[in-house]
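With our numbering applied, the sequence shown has no gaps in its numbers, which climb one by one up to 897 at the end.
You may find that some hints are simply not true.
What the hints assert, rightly or not - Within a straight-line C-alpha distance of at most 30 Å, the following computed DSBU-like cross-link-like pairs (lysine-lysine) qualify: (1) Lys561 to Lys617; (2) Lys763 to Lys744; (3) Lys744 to Lys691; (4) Lys542 to Lys564; (5) Lys744 to Lys729; (6) Lys564 to Lys878.
No lab work stands behind these hints, which were simulated from the structure alone.
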Amino acid sequence: MKKITIVYGTRPEFIKLYPLIKALKQKKNFKIQVVSTGQHTDLLEQAHLEESFSPDINLDIQRKFGDLNELQGLIFKKLYDLSRLDAKPDLILVHGDTATAFSTALFAFQFQIPIAHIESGLRSKNLMSPFPEEFYRQSISKVASLNFAPTKLERENLLSEGVDERSIFVVGNTIADSLFSRKKSDFKKKNNILISVHRRENREKLKDLLDRVHDLSFSLSEAKFEYLIHPSVEGLIDTKKYPRIKFLYPMNHTSFLDCIQSCRFVITDSGGVQEEASLLGIKALIYRDHTERLDGLNSEVELIGTDLNKLSARIIDLVSNPLESKNKNHLYDNSVSEKIIRVIQNFLALREEAVCLS
540 MKKITIVYGT RPEFIKLYPL IKALKQKKNF KIQVVSTGQH TDLLEQAHLE
590 ESFSPDINLD IQRKFGDLNE LQGLIFKKLY DLSRLDAKPD LILVHGDTAT
640 AFSTALFAFQ FQIPIAHIES GLRSKNLMSP FPEEFYRQSI SKVASLNFAP
690 TKLERENLLS EGVDERSIFV VGNTIADSLF SRKKSDFKKK NNILISVHRR
740 ENREKLKDLL DRVHDLSFSL SEAKFEYLIH PSVEGLIDTK KYPRIKFLYP
790 MNHTSFLDCI QSCRFVITDS GGVQEEASLL GIKALIYRDH TERLDGLNSE
840 VELIGTDLNK LSARIIDLVS NPLESKNKNH LYDNSVSEKI IRVIQNFLAL
890 REEAVCLS
């Protein structure tokens, strides 16, 4: 029986990995070990509760938002300590571009454990934006034995960087499995405009963004602005200064999906929210200067940049001329997890055959 260890540390990772975890656990020829680093403890616990799920091991790093070097060191040490107590896995699986994914991939590489990278090949083509995620994902791709790319575009990105073609598999995005498995509901659009901005590179500009939105709220009286506070920026915001903005606090994923499907449009710098908006046909303005998710851009999902004058003009236009969102993105089907599992089965079988022949 082949042992597969799945490591994650943030809520977005878990949301996207959960369909795959469930599918893998149903396979009798695999022993699945699920490890949470606890990189985002509170949000992750909320996601676990929503799915009535508990990881097999919680590394419980108990770290507050801050120094990246400290975080990477903690994760690496915890994984090393775990490896001394447990049997070596045949494959370690990580997702995306978090410090958890990067530190785990580095650990696996140094201990010569094959690594599978879910959502591989996303590129902004700017090493400093987003920081440090662009560096993380490029680095993971270099050491991964299996690179699972969402689309052909990500495959081309990997090939252009010299990644072995035999390691690349276009499978779609597991967020599709997560979204399509949920009960469909009809939502009546409200006048709410939801803002979800928290990336590291946007934190210094957050006050200016909220100032501008608050000013706009006076002239756009029919629109109701809402800002979803992420724990990483909670200490940066004086909510009392913005009485015309409704501040929301972290909610479970189902409640969040209900929220974005009922609002008029979303302003976000979140890659996950961009994907969800694209798949669900929700109008979204991406508050970033670069995005690694180019396939997710369409008439409904716009890369607006971080120029506040341009953003303000677009907000005014959308409030004054509301359009019905219709263009859902059908890049992925809902069988992504099964595609990944088939590749993993073949990979592990070939490795076993090679060992037998050596």
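Hint check:
1. Pair hint Lys561 plus Lys617 holds up; C-alpha atoms about 25 Å apart against a cutoff of 30 Å.
2. A hinted pair counts as satisfied when its Cα atoms are at most 30 Å apart, and Lys763 with Lys744 qualifies at roughly 21 Å.
3. The straight-line distance between the Cα atoms of Lys744 and Lys691 is roughly 34 Å, outside the 30 Å bound, and the hint therefore fails.
4. For the suggested pair Lys542 and Lys564, the alpha carbons sit about 11 Å apart, so the restraint of at most 30 Å is met.
5. Restraint check for Lys744 and Lys729: the C-alpha separation of about 28 Å stays at or below 30 Å, so the hint holds.
6. For the hint linking Lys564 to Lys878, the alpha-carbon distance of about 15 Å falls within 30 Å, and the restraint holds.
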